[in-house]
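Number of protein chains: 2
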Amino acid sequence: MIYHYKPIEEALKSLLQHVKLELGFAEVELDNAVGMVLAEDVYAPIDLPLFDRSAVDGYAICSGAVSSASPNNPIPLKIQFGDALNSCDEAIPVVTGQKMPIGADAVVMIEDVIRDSNTIYVTRPLSKYANVSRRGEDIKAGEKIASKGEIIKPVHVAIFSALGITRIRVFEKISIGVIATGSEVVEPTYGIRAYEEGFILDSTSILIRAALSEYRFINTKWYGIIKDDEKQIKEAVLKALNENQILVITGGTGPSDHDKTFNAVINIDKNPIIIARGLAMKPGRPTSIVVIENKPVFLLSGFPVAAYIALNVVVLNFLFKALGISDEMFVEVPALVTKKVSGSIGYDTFVRARIFRCGDELCTEPVLLHGSGVLKSLLISNALFAVPRNVEGFDRGDKIWVKIL
Amino acid sequence: MIYHYKPIEEALKSLLQHVKLELGFAEVELDNAVGMVLAEDVYAPIDLPLFDRSAVDGYAICSGAVSSASPNNPIPLKIQFGDALNSCDEAIPVVTGQKMPIGADAVVMIEDVIRDSNTIYVTRPLSKYANVSRRGEDIKAGEKIASKGEIIKPVHVAIFSALGITRIRVFEKISIGVIATGSEVVEPTYGIRAYEEGFILDSTSILIRAALSEYRFINTKWYGIIKDDEKQIKEAVLKALNENQILVITGGTGPSDHDKTFNAVINIDKNPIIIARGLAMKPGRPTSIVVIENKPVFLLSGFPVAAYIALNVVVLNFLFKALGISDEMFVEVPALVTKKVSGSIGYDTFVRARIFRCGDELCTEPVLLHGSGVLKSLLISNALFAVPRNVEGFDRGDKIWVKIL
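Chains G and S, in that order, are what the protein sequence lines are. Everything in the first sequence is counted per our numbering, starting at 4 for the first residue and increasing by one. Everything in the second sequence is counted per our numbering, starting at 4 for the first residue and increasing by one.
Just chain G, with the same shape it has in the complex:
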């Protein structure tokens, strides 16, 4: 089948129309929540704080009683105990977080008073509600504190805890099967003699699996390296499709006769939906997407860098959109280009780059190592940018938006 390099957005749009990812739900305890994707909006059941409370250790007082206080005019207040001031001549010791005694509207810090047996002396005025946390000032009852599709972060867990929410509903982990293909590819444990014998040690599928392992809401299942044999590939794909919701296959997507993967995949189903045979991206042109049994199968290049870029801008991009994940996949920052870089009209060109401080700006230097198999370019780069397919390139000094890896 002939390539037709489809723009990435177009392919993703079509894929999202053809596939509905249906994930189950799981109730998890907060200890296991970080990194999972919230499956429902979460609202505060109560005000936080639930009442006016002291924000410090000190003495609860009437602010009006000390309005004229100064070092030359220390105001004496009698120490009382209990949950209410009888009059504004009194002060009640409070600790941080304690409910404000009735009648008190400010707290003077323990460090800021002089104490003399049963009396404290206040030497400066306090504004109303000084050192008081007001009811609901942090969070109001009914307020939405997290949304469906958010990746749960430590601060969410802290807020849920403070609100007494100890179990939350998240999406079950999504399972992604990974298959490598290629008769020439062998496991790294084979050792470097592989190269002398005409083989290549697998690094592409390992890069893909390692990158996926950074997401706690993804379960990756590995199906090994399959030879360039249509029957064997079909079997592996069927098994993996059966056990996963998404399939990623590396290698065997090229145009030559020994690239059996694409045909093996489309021949599994009577009605395969071919979303894209080739994408308008460089590197990664052979990237293809097929839907089999309502599940997306991504065919990535056998080259590690091309596969890695396609994993991010195609596979994970799809996953984030399909699950409604609101978090940005990449932090984007503005940076000055230090070296002219050419794109390729008709193709989104992804350029690995290094960003670094230059004066009070960030600069980005394209890592111009040719060859999509060049792993070192990933090692020395810490950012990625795209030259869009309708742009010829960027000149030295152009300010562009760069994604931090």
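Each pair may be met inside one copy or between any two copies, as identical chains are not told apart.
Pairs of lysine to aspartate or glutamate, DMTMM-like flavour, derived with a Cα cap of 25 angstroms:
(1) Lys298 <-> Glu13
(2) Lys343 <-> Asp363
(3) Lys402 <-> Asp363
(4) Lys234 <-> Glu190
(5) Lys147 <-> Glu368
(6) Lys242 <-> Asp34
(7) Lys402 <-> Glu335
(8) Lys224 <-> Glu30
(9) Lys102 <-> Glu199
(10) Lys143 <-> Glu190
(11) Lys402 <-> Glu364
No wet-lab data here; the hints were simulated from the structure. Every value quoted in this text rests on a predicted model; they were computed, and no experiment measured them.
We have chain G already, so just place chain S on it with the hints.
Structure of chain S alone, referenced to chain G:
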């Protein structure tokens, strides 16, 4: 004991002098390597590629034979098989990654030739080494590919794989014990009635534990919430010190009588080394550091935000330095301040902020919610910056460096 607010760098410097973190080593397989800290420099054992190889599927040829090729002057080459060209009139089919046949110095892509039974026609010239990956062009034998102290990323794992390195030496996980103190603090499972009954649901220690759980090279062990009782705190601290290399305690560091934690900790040892009783930071002034039995004990505020900031700028900062971790803890980006923000002379003031695009710059808006207990400020902020202790503040329009959370 009286506070003496020590600058953070000074405290860290002193702590690093007093404590030698001694971590064991572990050999791990690549599947378990991502996120661990490399314990040795890694050098390439071989050139990569190990020999000149084809970067595409096509035909290996002599570039000199097609220098005059054009659509009007197609150069015919006879298809041969084997690992050497007999003459420059021949072409040998090669697949991606295949060793270059002897005598060939370029590869014409399969898509770029016209084939006619035993002959291909080349219609444009190729430069020497076109579509050839040269020996060592990716990585040279002996080249350092990763350094001790690097946090292992997916791309490292891919390169190790390609080089046949399947087990690597990493630091054993560092164990950090976490204790919460405070008679008023209860587990979130207690439910929101806690507040009516004068208790507070723990969120601080949960935030600390969740934040630590994001680092795969850290093992966190939780010791529960201990009452404000010197004996009970001592017991918990002793147990936790025994079982961990670092201890983090939240709460009970304030100046009042019921804040027993600091005394409990320093009374454990005959010769406690008090690195800092208070730090020159806001929020987080009560943050204290003590060395007991050669192990650092960090006493953080009971307020979640203050504790969270101290965790990052003190505890993790120490850990990164002590382990020689070369990765940046935060990505720092330049951003324009949208609103005047005041610091506090003598204290490094940490300001939670939101960064967002504004034109072709990033802007940063300080999240000015008062109170270090205000969790929502963390929820709506995605960045953090410091107003250094010798700076009064920043004005609207100032360009500053902001750490991305």
